[in-house]
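Those protein sequence lines, which keep their order, are chains A and B.
For the first sequence, the numbering used here gives the first residue as 1, with consecutive numbering after it.
For the second sequence, the numbering used here gives the first residue as 397, with consecutive numbering after it.
Simulated from the structure, these hints should not be mistaken for lab results.
The C-beta atom is built at its ideal place from N, Cα and C for all residues, glycine as well.
One should not assume that every hint holds.
Here chain B is said to cover these stretches of chain A; the calculated rule only asks that three of the stretch's residues, wherever they fall, bring their Cβ under 8 Å from a Cβ of chain B [said to hold, decoys possible]: (1) 280-287; (2) 317-328.
Which chain A residues face chain B? A few, computed with CB under 8 Å, are given here [claimed, not checked]: (3) Leu5; (4) Ile8; (5) Ile31; (6) Met46; (7) Gly69; (8) Val77; (9) Leu108; (10) Asp174; (11) Arg209.
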Amino acid sequence: MANTLNQIGAVTALNVRSIPSRLGTSLVIVIGIAGVVGVLVALLSMGAGFAATLGGTGTEERTIVLRGGSVDELSSVITREQSQIIGDAPGVARDADGKPVMVAEFYLLTDVAKPDSTSPNNVVVRGTQSDVARVRPEFGIVEGRMFESGVREVIIGTGVARQFETLQLGGTVDVRDGAWNIVGIFETGGDVHESELWVDAGALETASRRSAFNSVTLQLESADAFQTFKDALTTDPRLVVNPQRQTDYYASRSEQLHMLIRILGYTVAVIMGIGAVFGALNVMYAAVATRTVEIATLRALGFGGLPVVISVMIESLLLALAGGLVGALGAYLFFNGFTVNTLNFQTFSQVAFAFQVTPELIRQGIVWALVMGLIGGLFPAVRAARLPVVDALRAG
Amino acid sequence: MKYLPLIWAALWRRKPRTIFTMLSIVVAFLLYALLSAVNAAFNAGVEIAGADRLITTGRYSLTQVLPFGHLQQVRSVPGVASVAGQSWFGGYYQKESNFFPQFPTQIEPYLEMYPEIVLPEEQKQAMLNTRTGAIVAKTLADRYGFKVGDRIPIIAGIWPLADGSNNWEFDLVGIFDTKNPKERSMYEMLLFHHEYFDEARQFGKGTIGWIVIKTEDPDRNEEIVEAVDDLFANSPNETRTETERAFNQSFVKQMGDIGLIMSSIIGAVFFTLLFLTGNTMMQSVRERIPELAVLKTLGYSDVGVLGLVLAESLALCVLAALVGIGLAGLLLPGIAAKLPGFSGLALKPEAFAGALGIAVLLALIVGLPPALRAMRLKIVDALAAH
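Isolated chain A (complex conformation):
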């Protein structure tokens, strides 16, 4: 056994030390696999970043109430009377004055064009209250000031500010019934609200001639109070509503696009991976072929078949690992934090999000690389071990 290990060590060292002399062909494996892993990690990090932006919105103790049957805020309608009934339900947190910690909001879309383009993008306009930080303490103004109650003023999320250069502090944006002044830029800890425009609910109500809200967001006494709260609302004959934990609601709004990106990512990675495996096979077969004499000599000296197989496999795995690392690193360097925006078709609105190359994705990429290296090395390794010693020596 120890002998076999020694042999594996010796043959592997021989192989690995000869890699520099075969640098060109070895690079084919590294670059081929780096390409596959880079694409896989980049695509998955896009999906992960998107899911994290939506999934990171809200907390367990916060609840969003929509009309029963509506799957998103845009299609939901909550009347003023309903919002009051919801605020009086058991389990709702109350402030020092005994007022429920809640905010009833309008949610509608407005068209915003990117620079050098006239085509519209659906950007969310949230009609909210100036004391919205009661419900969303993560909210903060980073530049400018808060809108004033009843005035046609807009504050824009940092995501909107980055993606739509046409919108700037001191500028205007068409919301409803003409242009509104942009008076501030806000942040909410990197969640989906940063892709929204916030305005005063009262001002928006008049300008859009709406009478009913779209949703109610409120703070519960504790995360455990959710069931009591939900039961109270769903059994109330005056209401047809669907309360959801905010975290569940936002996570569900990212499902489809996240799934689509994952399917695309894995499909591309599998197909490209097959191509890279063929490339690796080519290189490893060639590597074995150029070393026919050496391998035969070793065999003649009494080295077993197993050390030869393992040594070829190790070489292939090392090259694959290098490729995986290069690919993952490349994806990290080029894409981590890269911010893009797209239409989330589950909410029909624009969401800005950053690619997130997480350690888990890097691990997946490297596992993928090793699988490719394993397959690419296996068949050439077996051929190397099966070389008839006499023929191989004679051929040399």
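Following the hints, complete the assembly by docking chain B onto the known chain A.
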């Protein structure tokens, strides 16, 4: 032509190597073909948009509702042939993931405006005579097993019935298809009567989502766009009118950077491929130096040898590209049937031509360095080295 056997023999000199290289090129072109089909599906709406159709929406967003009265006013604008109001129903069948668009509209003018939608005459008559009737795309009927005569339950996402319930039901009286199967994904929807919708819904009565306009002459589109928007300027419900093409294009553009990411993938795939194939060609020429020297000794010119090596590279790449595209052609119908919203997924002639172009370019890039090396070969040196 007479060199064909020679090129063929050289290509298959080392069978496993050629096969592996070829397979990796096949895979790259398979991926190229699949991704360009998906890309084309995204852009399909732009290409098949009717030149004589305009869309009028609320000025600030497609999601604003317009008063029903707008419809009559637009109809009387000179140059307008017909109009139909549509709304976004936003319901779903059984569960949210079974989503497909449903539109209440004026069925008769709508079907006239969209001649690409084919509905049997007797089903059309049945639809016009059934208040609660609905017609649905063939692809959807196939997917969910709908048959003419069925009652289809749709859960309202936006519009509850007057009694607050979300459970709408429609009588399926017709199943339509598109003239060109490639356009199926654009019309994968359920249509029903606006009249019934407006009567039965709880709120929002007397409104529509947007207006489709058919103009008498596409050359007058611009003038009509202005006339329609002027009609409602400074009213509480201002409008924005654009061609159906521009309207559909804005959806594609909204996908934003996703398209860019798609092209980057294709770029990465081919860059990777370049290395794999280039390496094989180099290897193959390196091994054949003595043979090439013999050819030259026999009187082959330098350019002739260059041509031979390039032809070999060309044969490898083009053959593999053809196989890859052929494979995609076989796989696409199956994928199209499984992927909701992509029923029109198919390979376009442009993608085919593009693939051939890329194959030739690839062949030149990977073939040229070894071919030049072969051309510059000195007979004596090459023979002496071995």
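To see whether the hints hold, each was checked on the structure:
1. 280-287: holds (count 5)
2. 317-328: violated (count 0)
3. Leu5: With a minimum Cβ separation of about 32 Å from chain B (threshold 8 Å), the hint on Leu5/A is violated.
4. Ile8: Interface hint status for Ile8/A: violated (26 Å vs cutoff 8 Å).
5. Ile31: 5 Å, holds
6. Met46: 7 Å, holds
7. Gly69: 4 Å, holds
8. Val77: 7 Å, holds
9. Leu108: It holds, given that the least Cβ distance between Leu108/A and chain B is near 7 Å, below 8 Å.
10. Asp174: Status holds, d = 6 Å.
11. Arg209: Holds, about 7 Å.
The structure fails hints 2, 3, 4 (numbered hints given earlier, in ascending order).
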